[in-house]
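Engineer: I would like the entire structure built from these sequences, with the hints used as guidance.
Number of protein chains: 2
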Amino acid sequence: MNFSSKILEDAVNEMSQLPGVGKRTALRFVLHLMRQPEQQTDQLSTALTRMRHDLKFCKKCHNVSDGDLCEICSSPKRDETIVCVVEDIRDVMAIENTSQYRGLYHVLGGKISPMDGIGPQDLKVRSLVERIKKDGVQEIIFALSPTIEGDTTNFYIFKQLEGIDIRTSTIARGIAVGDELEFADEVTLGRSIAQRVPYESSIKN
Amino acid sequence: MNFSSKILEDAVNEMSQLPGVGKRTALRFVLHLMRQPEQQTDQLSTALTRMRHDLKFCKKCHNVSDGDLCEICSSPKRDETIVCVVEDIRDVMAIENTSQYRGLYHVLGGKISPMDGIGPQDLKVRSLVERIKKDGVQEIIFALSPTIEGDTTNFYIFKQLEGIDIRTSTIARGIAVGDELEFADEVTLGRSIAQRVPYESSIKN
Chain A
846 MNFSSKILED AVNEMSQLPG VGKRTALRFV LHLMRQPEQQ TDQLSTALTR MRHDLKFCKK
906 CHNVSDGDLC EICSSPKRDE TIVCVVEDIR DVMAIENTSQ YRGLYHVLGG KISPMDGIGP
966 QDLKVRSLVE RIKKDGVQEI IFALSPTIEG DTTNFYIFKQ LEGIDIRTST IARGIAVGDE
1026 LEFADEVTLG RSIAQRVPYE SSIKN
Chain B
846 MNFSSKILED AVNEMSQLPG VGKRTALRFV LHLMRQPEQQ TDQLSTALTR MRHDLKFCKK
906 CHNVSDGDLC EICSSPKRDE TIVCVVEDIR DVMAIENTSQ YRGLYHVLGG KISPMDGIGP
966 QDLKVRSLVE RIKKDGVQEI IFALSPTIEG DTTNFYIFKQ LEGIDIRTST IARGIAVGDE
1026 LEFADEVTLG RSIAQRVPYE SSIKN
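Protein chains in written order, with the working numbering: chain A, 846 to 1050; chain B, 846 to 1050.
Errors might be hidden in some of the hints.
Any copy, or any two copies together, can satisfy a pair, since identical chains are not distinguished.
BS3-like mimics (lysine-lysine), calculated; alpha carbons at most 25 Å apart, straight line [stated by the list, open to error]:
{"hint": "1", "residue 1": "868", "residue 2": "901"}
{"hint": "2", "residue 1": "922", "residue 2": "1004"}
{"hint": "3", "residue 1": "969", "residue 2": "904"}
{"hint": "4", "residue 1": "979", "residue 2": "904"}
{"hint": "5", "residue 1": "868", "residue 2": "851"}
{"hint": "6", "residue 1": "978", "residue 2": "1004"}
{"hint": "7", "residue 1": "979", "residue 2": "922"}
{"hint": "8", "residue 1": "969", "residue 2": "851"}
{"hint": "9", "residue 1": "851", "residue 2": "978"}
{"hint": "10", "residue 1": "922", "residue 2": "851"}
{"hint": "11", "residue 1": "1004", "residue 2": "901"}
None of these hints come from the bench; they were simulated from the model.
Structural biologist: And the structure:
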């Protein structure tokens, strides 16, 4: 692209480093900011810089946090005996949005994926095992994506927990609410039949 | 969305002010930046702040510029007798990318659009007329989008130029290169027949 300004070009180039943002979209963002009050760009810059330098990760669950412990880990209202294992902090947000879970979390930071060069040592597995031993956790819930990598990670952690007296569960796989049965894949439909639940419990939520 | 960090929430909120960026996309951007070196976020913030405070508009053509005059207006290689009237600085970039035009530009900053409350006084029309009178411009090319607003703006400027000895032209409307004839709309196809060009001149480019 042919910019008539080096300053504009720099801003567009930096913006286009964001995932899924090409030069055209970056230019659209930048021109939008030019039309807004200067204050908006200043606030954006400050928020980003502050986020990158001041945002911490919770020492217990590795979720994002403003302090040493995140709001969830430091809340007295949460059930400390249950830990839900997730891949990413986005998964924490997704589960929190359901308002169905009152336990704690453990953010692994990824899934075991040899194709991408990610092994167990790259994930927060050891700190999970230590935490379970130390904090008297009674149940862990695996809430990873139902992919080969997710299942592998679940199994790896399950093996690490051998000899520890703890209940393990995994979130239910089945037909998503609102989906048509005929379009469901065989594996999902098969599991949803094998792991059927009593009708009385299904109408509670 | 349920953020466990105020700092993260601020960054996502600011990012989601960008056009077409919702909370989820903003979160994706922000988490991407968290995984990159701190330097990248710093460069982005600096480039944006610098752009918003230091970027100027060319005093002659209203294109973006690092100085008082933009690179195009200050280049001795450009033909100063032709001015191409465009809506937006993106249009300048688009035309520059074709390498087909060696004249100057005039960026109106929009189109006359009563629906959006944009009248001629909101556009750089007066400075265009003054410039034509002063700088000895011999031809102006209307290169606005072929919409009702674009045509209205063209006509308004055309009327303002009454009594001034100047050639006016408009960019050709027709079937886009690579388009199928059968899918072209009637107006475009009609114009492309009415404004047909000698075959010899069509094979030059």
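Engineer: Each hint should be assessed against the structure and marked as holding or not.
Structural biologist: Now for the hints, and whether the structure bears them out:
Taking the closest pair of Cα atoms, residue 868 and residue 901 come within 25 Å of each other only across two copies (21 Å); inside a single copy the shortest separation is 31 Å, beyond that limit. In the homo-oligomer, the alpha carbons of residue 922 and residue 1004 never lie at most 25 Å apart, since the shortest distance is 31 Å inside one protomer and 72 Å across protomers. Taking the shortest Cα distances, residue 969 and residue 904 sit within 25 Å of each other inside one copy (11 Å), while across copies they are farther apart (57 Å). For the identical chains of this complex, residue 979 and residue 904 are intra-copy neighbours only, at 14 Å inside a copy versus 69 Å across copies, given an alpha-carbon limit of 25 Å.
Taking identical chains as interchangeable, the C-alpha atoms of residue 868 and residue 851 lie at most 25 Å apart only when both belong to the same chain, with a minimum of 14 Å there against 30 Å between chains. In the homo-oligomer, the alpha carbons of residue 978 and residue 1004 lie at most 25 Å apart inside one protomer (15 Å), although the nearest pairing across protomers, at 83 Å, exceeds that limit. For the identical chains of this complex, residue 979 and residue 922 are intra-copy neighbours only, at 20 Å inside a copy versus 75 Å across copies, given an alpha-carbon limit of 25 Å. Proximity of residue 969 and residue 851 under a CA criterion of 25 Å is satisfied inter-copy only: 24 Å between copies versus 43 Å inside one chain copy.
Taking the closest pair of Cα atoms, residue 851 and residue 978 never come within 25 Å of each other, the shortest separation being 57 Å inside a single copy and 31 Å across copies. For the identical chains of this complex, residue 922 and residue 851 are inter-copy neighbours only, at 20 Å across copies versus 53 Å inside a copy, given an alpha-carbon limit of 25 Å. Neither within a single protomer nor between protomers do residue 1004 and residue 901 lie at most 25 Å apart by alpha-carbon distance, with minima of 30 Å and 62 Å respectively.
The structure is inconsistent with the numbered hints 2, 9 and 11, although it conforms to all the rest.
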